[in-house]
Amino acid sequence: MTNQADKAPLLLAVPSKGRLLENANAFFARAGLVFKQSRGERDYRGTIAGFDNVEVLYLSASEIARELAQGGAHLGITGEDLIREGIDDAAAKLELLAPLGFGHANVVVAVPQAWIDVRTMADLEDVAAAFRARHGHKMRVATKYINLTRRYFTAHGITDYRIVESLGATEGAPASGAAELIVDITTTGETLAANALKIIDDGVMLRSEANLVASMTAPWGASQRTAAASLMNRISAEEEARSHREIRVSLSRPIPSVLDELSGRFGATLVALQDDKHFIVQCPVGALFDVSAYLVDQGATRVAVSQIDYVFRPTNALLEKLHARIGASS
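Quick note: the sequence shown uses this note's numbering, first residue 871, plus one each step.
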């Protein structure tokens, strides 16, 4: 008798609102995966068009991290900061499959701009000792990131402080007298500067962004594995296409070393060899202009660059990463 769990859908948790939802929708749409909410935006359950074995859960980013850790979802999109801060033993419970290129924010240590002699965590250690000697109590750090703060401060040998849990706008704590410095999340640093705060030189605790995350505690039966493979094949195909370009090359004369140079120097791969003067290569976007300039220098009469929609391969790095943790079969 087939186990009922094997027939259950794969649960995919995505942010329920705001810019993260917009970016998540765009990310999946690029891979041809379109979300459907039958009752509109107030519906916290959804589907993906053409995927009967996938159910979409709309949750807050912090709820997604929690559900993944508890096995309430198989895959999800959430920030690395929420995972590192809120999940005990995150490495055992979760696998970060891929950063997604949106939701960027840094968790930072920020001190008053008036502290002109404090530039590093080592300086902060000196200040903490002097502060206690002068005031009779420990230096206070306002933050919502209690666990990240403790780990980071311990790693830098700073123990003479106490955490004040922030329930509101953390950046206002020093000005209000609630704390001497803060640990907070920032994207541009403008809000910190507006509150007369500065990030110390080695005070970036975590460079966070949205990640595609897999749960190691969720039940991975045959149905969920099949659905995950279908999703990740499309995601990987779109990702490779987006990060590469196809170049059609016409040389004025045969140059045997050109393909070796394109591969060795620029990371390009041969797609098709038409003859000794005409070929097609695929190269990373970041190397595109260097590759084109090199080919023209070598006497190319035509270098035509085009975008690629999808690149499907028999191997899939995302799926291999997942299978390395959960096993390739049940």
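None of these hints come from the bench; they were simulated from the model.
This structure is a prediction, so every number in the text was calculated from the model and none was measured.
There's no promise every hint is true.
To be verified - Straight line, CA to CA, 25 Å or less: simulated DSS-like cross-link-like pairs of lysine-lysine:
#1 906 to 887
#2 877 to 1068
#3 906 to 877
#4 1191 to 963
#5 963 to 1008
#6 1014 to 887
#7 877 to 963
#8 1014 to 963
#9 906 to 963
Each hint, compared with the structure:
no., hint, result
1, 906 to 887, "holds (15 Å)"
2, 877 to 1068, "violated (53 Å)"
3, 906 to 877, "holds (21 Å)"
4, 1191 to 963, "holds (14 Å)"
5, 963 to 1008, "violated (35 Å)"
6, 1014 to 887, "holds (21 Å)"
7, 877 to 963, "holds (23 Å)"
8, 1014 to 963, "holds (22 Å)"
9, 906 to 963, "violated (29 Å)"
Checked against the numbered hints given earlier, the structure breaks hints 2, 5, 9 and satisfies all the rest.
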